[in-house]
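A.B. asks: Construct all of the structure, not just a fragment, from the sequences and the given hints.
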Amino acid sequence: MFRKVLVANRGEIAVRVVRALRELGISSVAAYSDADRGSLPVRLADEAAYVGASPSSESYLRMDRILDAAKRHGAEAIHPGYGFLSENADFAEACAAAGIVFIGPPAEAIRKLGSKTAARQLAIAAGAPVVPGTDRALSGWEEARAAAKSLGYPVLLKASAGGGGKGVRRVDGESQLQSALRDAASEAGRAFGNSEVYLEKLVDEPRHIEIQILGDQHGHLIHLGERECSIQRRHQKVIEECPSPLMSSHPDLRERMGQAAVKVARAAGYANAGTVEFLIDRDANFYFLEVNTRLQVEHPVTELVTGLDLVEWQLKIAAGERLTLKQSDVTWRGSAIECRIYAEDPDHDFMPAPGTIVHLSEPSGPGVRLDSGIFEGWDVPLEYDPLLAKLAAWAPTRDAAIRRLDRALSEYVLTGVRNNIAFFREVLADAEFREGRLSTSFLDRFFKRRKKAVDDPEAEAAAALVLALTAACTHAQRVEQSRWRTSGLEDVLR
Amino acid sequence: MTRQVTVNSRSGRIEINGSRLRYVREDGVVIESEYSLEGASVLLNGRSYRVNKGAGKEMWVNGRRFSIEVFDPRDLRPGQGATVNHGRQEIAASMPGKVIRVLVSPGELVEEGQGLVVVEAMKMQNEMKSPKAGRVAEIRARPDATVGAGEILVVVE
Chain A
-12 MFRKVLVANR GEIAVRVVRA LRELGISSVA AYSDADRGSL PVRLADEAAY VGASPSSESY
48 LRMDRILDAA KRHGAEAIHP GYGFLSENAD FAEACAAAGI VFIGPPAEAI RKLGSKTAAR
108 QLAIAAGAPV VPGTDRALSG WEEARAAAKS LGYPVLLKAS AGGGGKGVRR VDGESQLQSA
168 LRDAASEAGR AFGNSEVYLE KLVDEPRHIE IQILGDQHGH LIHLGERECS IQRRHQKVIE
228 ECPSPLMSSH PDLRERMGQA AVKVARAAGY ANAGTVEFLI DRDANFYFLE VNTRLQVEHP
288 VTELVTGLDL VEWQLKIAAG ERLTLKQSDV TWRGSAIECR IYAEDPDHDF MPAPGTIVHL
348 SEPSGPGVRL DSGIFEGWDV PLEYDPLLAK LAAWAPTRDA AIRRLDRALS EYVLTGVRNN
408 IAFFREVLAD AEFREGRLST SFLDRFFKRR KKAVDDPEAE AAAALVLALT AACTHAQRVE
468 QSRWRTSGLE DVLR
Chain B
254 MTRQVTVNSR SGRIEINGSR LRYVREDGVV IESEYSLEGA SVLLNGRSYR VNKGAGKEMW
314 VNGRRFSIEV FDPRDLRPGQ GATVNHGRQE IAASMPGKVI RVLVSPGELV EEGQGLVVVE
374 AMKMQNEMKS PKAGRVAEIR ARPDATVGAG EILVVVE
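Those protein sequences? They're chains A and B, same order as listed.
Number 481 marks the last residue of the first sequence (the working numbering); no jumps.
Number 410 marks the last residue of the second sequence (the working numbering); no jumps.
In case anyone wonders, no lab produced these hints; they're calculated from the structure.
Worth double-checking, as some hints may not be accurate.
Here are a few chain B residues that face chain A, going by a calculated C-beta distance under 7 Å [as the list claims (entries may be wrong)]:
id, residue
1, V260
2, Y276
3, V277
4, G316
5, I321
No experiment lies behind these values; they were computed from the predicted model shown.
Each residue gets a CB set at the ideal place from its N, CA and C atoms; glycine is no exception.
C.D. replies: What follows is the structure, encoded as structure tokens:
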């Protein structure tokens, strides 16, 4: 096993990795930028290494500086967390060239699964279901018309080189196809310098369910079940849970999806922890979407339900140890739900809200897990993602987990930066959420039926009381201080 | 002690007398109660409230955020309060961030709702729009400059 590991990330995930390292008796080195000098992971780690200025392009994304920091501190391995360099095949190769272990999959596996179209080809070859569509770029209008007709409307036009929603058009009928084809191609051309587009059947109001996989470097690969991540805003997950509520009505779905995920991972020569994402349609058919070749933000729900420590396994596997778990050793107990606490304003289109944390009281108690990267007085930097913490609750049933998570949210006091804590309590109280009727359009529809907050004049009175008495108190102090000043006491106290 | 109050821009009055409190809102809602205050804990009519200060004028009560101000009525002299703004409108950054682009130039005529400046924070770009039709009188935002919340970026008249 390693003696020292560099954590090339920040915030709550850096804290998570530092904790795992300490539990294993491994020294930790936290990489930090200017903005993160005073951060929680720097406070908690054994050592800290400066990697550059605040913008991530000058620090956490700089391979040379991260590698240099690892060498300077004598770290034998680098844990990349998620985001930043975690899915960068060049970085994984650069680590190997420098004689440092990259804690993640082999560079070739990252490369094979990195491109959406290449991953789709790989999934098809491995026999995993993909969203029906044309497997190559369309040659023109006639081919598009024939393909759309055989797929059945609605269909989606997508840029072959795509990403970020650019060059994507929904087409509901043939009359829209010609203009959509022209628009998508020209948008794709401008965005990616490649105007090729292809067609996919539109999966309407899908669920997003993903499978956690874990494999060692000796060819042993298993799955750890699913996480349902359908509650999203701006294509980013905000609530995740295990098991998916869909599993109770489809008891064999987990195993079928799990096997499909393992097949894709094996075809890519995968090792370490990874996640295979799927879309699920209304009839519970699942379609391969993509592979995230790293630890996921939402890994705690899997840990709570399976009782396994994913980061510990990542470290052991990277050190060459064998994955001693068989597929049949993995069991799923109870239900876990996580919500992502963001510095953002749910009442204003989830606008990010950096600032200073004025007051913080964190929840605890039975069945509550908090992965946090903040503390009272911390300035939430404006350079990075607004994720502050992840709050998860475990209970024997989904209903009990919802009630427990709501209880924990009610204890959570975080002031100074706008955040989504109160918003989550509204979502957890929603009847459709409680019934497990989830889809990626859940939040859009939730906002339409969302009730205005109830008037609470007594709470206003409580706030006014504290403010009025504090102001009176500060006034009295000022009077007191001026007395010292006149008596010369001020100099003595200095 | 009596204080004028505005909560989420609605005005009211709070009277504190020994251990009794009376809160009267402009819409006629009245709260009367014995109170007890200990640190961040307030007890009103037997109910428990946690009250914490937030940024600026924000107070958080049991997870809800109120924008609230308390004034001593003796401090409110005539002539204070709303300043006349002669049709000039200052457009300020709604969040701290970095100026990515300035979309207008001085003297340019702008429509209501037209984008003026793009500010980025936490990987999200936000376009600051003109609140009215008019002429760009002044541009204080500089590309790549870091700005604080409330900092004036553009003046439209």
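A.B. asks: Each hint should be assessed against the structure and marked as holding or not.
C.D. replies: Hints and how they fare:
Taking 7 Å as the C-beta contact cut-off toward chain A, the hint placing B/V260 at the interface holds, the least distance being around 5 Å. Hint status for B/Y276 relative to chain A: holds, with the closest Cβ pair at about 4 Å, below 7 Å. Taking 7 Å as the C-beta cut-off, the interface hint given for B/V277 is violated, the closest approach to chain A being about 10 Å. Given the 7 Å rule on beta carbons, the hint for B/G316 holds: about 5 Å separates it from the nearest Cβ of chain A.
Hint status for B/I321: holds, given a least beta-carbon distance of 5 Å to chain A, under 7 Å.
Of the hints listed earlier, the one the structure fails to meet is number 3.
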